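Sequences and hints are given; from them, build the entire structure.
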Amino acid sequence: MSGWRGVITSVILLAMLAGVTATMQIRASSDAEDGGSGAEALPDGSSVIHEKPSAVSSNTLVQPETFPVTVRKPSGPPRVATNLKDIHGEAVTVACSTCHSTRSPNLQNKTPHSLDEFHSGMKFTHGTVSCLSCHNAADYDSLQLADGHRVEFTDVMTLCGQCHGPQMKDYEHGVHGGLNGYWDLSRGPQQKNNCVDCHNPHTPQFPKMQPTFKPKDRFLEQSRSEH
Amino acid sequence: MPANARKKRNVAALKHAVRSYPGFLWWGLGQATNGGLGFYVWMTVLTAIALVGANAWAHQVAQGMIVTNMTDHVSWGLYIANFTFGVGLAAGGVMMVIPAYLYDDEEMHKVVIIGEAVAIAAIVMCTLSVLVDLGRPDRFWHLLPVIGRINWPVSMLTWDVIVLNGYLVINLHIVGYLLYMRYLGRKPNPKWYVPFVFLSIIWAISIHTVTAFLYCGLGGRPFWNTALLAPRFLASAFVSGPAFIILVMRILRITTGFAAPPKPARTLIQIIRVAMTINLVMLASELFTLFYTGGAHGESAKYLFFGSHGHYGLVPWIWTAIACNLIGTGLFFMPDALERSNTRIAACILCIVGIWIEKGMGLIIPGFIPSTLHEIVEYTPSLTEWKVTAGIWAFGFLLLTVLLKLITTVFAAEAHKTEIA
Amino acid sequence: MTTDNASPQEPHDGEHLKPLLPILDQHSTRRTLLKTAGAALGLAAFGEALSPLMVIPENVSVDEFLQQHYKELTDEDKKKVFARLEAETKERFGANVTITDAKPIPGVRFAYAINVSKCNGNGKCMEACNKENNHHRGVDQSYIRVLEMTKGSMDMEHGSTTYDHTVPQDDKFYLPVQCQQCDNPPCVSACPIEATWKEDDGIVVVDYNWCIGCRYCEAACPYHARRFNWELPEIPAEEVNPNQGYLSNRIRPQGAMEKCHFCLHRTREGRAPACQEACPTGARVFGDLNDPDSAINYVLKNKRVFVLKEELGTKPSFFYFFD
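Residue numbers (the numbering used here), protein chains in the order written: chain A, 1 to 227; chain B, 1001 to 1421; chain C, 2001 to 2323.
Keep in mind that the hints were calculated from the coordinates and are not lab data.
Hints may be right or wrong, so weigh each one.
Here are the simulated distance ranges between beta carbons [unchecked claim]:
1) C/Leu2300 - A/Ala81: 40 to 50 Å
2) B/Ala1323 - C/Ser2153: 34 to 44 Å
3) A/Phe206 - B/Trp1141: 46 to 56 Å
Here the structure is a predicted model, which is why all the values come from computation and not from measurement.
Each residue gets a CB set at the ideal place from its N, CA and C atoms; glycine is no exception.
Here's what the structure looks like:
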């Protein structure tokens, strides 16, 4: 009978070993399959053509066989509130040029702090650029690029892109600014924000928010106060 | 007698035996439900508790697992804790089988069937514990081979289902065959049970190893993801199983006068001494790794033993377990424990309680705390969970009682016959 | 009720030590009678105790009970199953819905990336997920959990999901976690019945009508990505999203597991996932890993990318990056 002891012990060990090995092999082979399918190339490169909004000057790009990527266009030149009301009770707003065409700009004003007559109290946290880095002294209803070229308010992204190259590059690749609609342009259109949809040009940092939606986990009833 | 005729006669005898096996079971059921007032009170109380549990479970199925206190953070609780302990109890019976069959311990041979009965009841409890943990028990058939879609061999849970059911079948066969042979007054044919006994030895080890693999194979749960888990499971099973069997033998002696020889219990206590020491050494080395190294991997252990971020839910549990285990082990090492003494009983009870906590609440729950995103959500079983668990234990005891009653009746009848002869 | 069992008062019973070998040598008929009565009573009580289970036949039709695994359903079967589910949704939730079965787009392999520099923890993604995917309104569940992390540490131990103040805090960053759609998913290996699997486009899905609710996958997932339906979800009829996928956002049954499926009922039709559309910071990038010009590949090539718990070898299709 004592011979049994050795036999049994080795059978136990072998059985366990065999079980473990079989499991590992099957897991390994399923890994290999996964890896294989992951590396699979596109059967036909042309079936999915991704379009990039490469130029901001044109807001809607259409290429054959793909749906458009639409960048929301900023509204035109801003209107300035006058605090007056017309006979219908509507607020009276004026174009920038209404005042600026009659007054020559004070080139001494570089920051909002020195604005004591108009625009006083304006918040400005956009680095050290001055007003006329972006606003066009020749025509206040438009903007200007760093090289002095005029650019419309509706094409503000060209202006932003001068300094914010990396963000612009990300944006062009769909990695900045979010999107709505279709990820696959062969199936449907896509809508994107422009810079000033999310960033106030004078205080460009994304605003703070209050979270409004929280999971009501069961355990919170007991321990919300503690953690 | 020509060999041919002998063979014919054997076949006829076998046919007769097979046909009368259901008759034997029916007779056994009748015998197993006979007893005095105490027996009926015991059975009635167990039935009542089992009914309460069944009712609580039915409500749980109807209303959803929301009636438990489990959450997406602690997604397993008391049920799986009990399951883990139950597997240990079932595997522990093998510590009677090994001396009896591998070392030809004659006296152990006489009582080994008790260990097998405990294993059967424990496995049934385990199966029930898993069943009540299912969110959709009505879809249980999905787990069955052929008609279901069993993810074998990749899923450790399928291994567990297979080994647990296999172990149940093997033990039912062994116990059934040996009792039936004794009932018929025939000598059991080794061909029909010895291979299964050896299979059951491998199987007993495998059920607890596979159950440990369920947990330690999960890379996302550092508290479980340790190679020591399976050995620790086995070591603690070889304490709780034999300790439980010693208690059962004592109860049998008191209630039915079934007198087990003194040697098997002594052998079991020697085994417990070794297994418990190994268990404690492994626990200590686990704790050393967790606490000396520190870091996020030790966070569950920190929560378990000392509390973490103001949460101390399991601290009283685990220190109770440690105290029970240490005192129980100490008692087992006293010379008194080798005699039929109260020390022995106290030691058994302490170690069973200690291991129930250590392998149940102390092992399953901290695996989930902190969660995989390191959130701390505590868990205390709900009333429903306690009711269902109590019901499962009651049903297990009910089954064990019937089995033991059957065993003692057959043994007593045989003894009586020997006397007459 | 069952105390009747104890009524047979037989103080001592030497009888049962008598030779018992003659088969079916039972005891007195009175005892047998009482035992039979006790057994009947016990069975009746057992039936009574289990009576709440009668809701199963009420709620689970024979067709549902016998329904095969998703992969074994023919198109004809699916039609019937979806029609049944639509009718059940109408009956239980009062909403008219359409259940579809969007298939993976050949050659497409989805991946997601989150810009950790941009995410400010506002939680709009969770809200969008909750609405899009017909989550239980009672607990405002979603597939996303946003961790508020302490700057200077990637240790989630220092994170919190229960923050409730204006965001972003200066000393914090935010880490939204949802299903990482692993290439080596531990949850799929864990499932004993193949109720969850990885599809060709990389999305790990669950057949909510096959899952038995053992929650082993939930224990196996290192990212807390799985959610269990502890009860039947409640959703007001007018809030039910009628545009539903069988493997995605249809209202889940009680007792089954669920998880993020990259909004496959949208993304397999080319649309962006709900959480991406909802993100006000533009931190979320979604696309096809197999398309070299996709946004996701731009991120992988140009950004400092990491994955969560890379050491576990789960190979996520979900990436995080800094600007």
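Structure-based check of all given hints:
Checking the proposed 40 to 50 Å range against leucine 2300 of chain C and alanine 81 of chain A shows it holds: the Cβ atoms sit about 47 Å from each other. At about 37 Å, the CB distance of alanine 1323 of chain B to serine 2153 of chain C agrees with the hint of 34 to 44 Å. The beta-carbon spacing between phenylalanine 206 of chain A and tryptophan 1141 of chain B, approximately 54 Å, falls within the hinted interval of 46 to 56 Å.
Hint compliance for this structure: no hint is broken.
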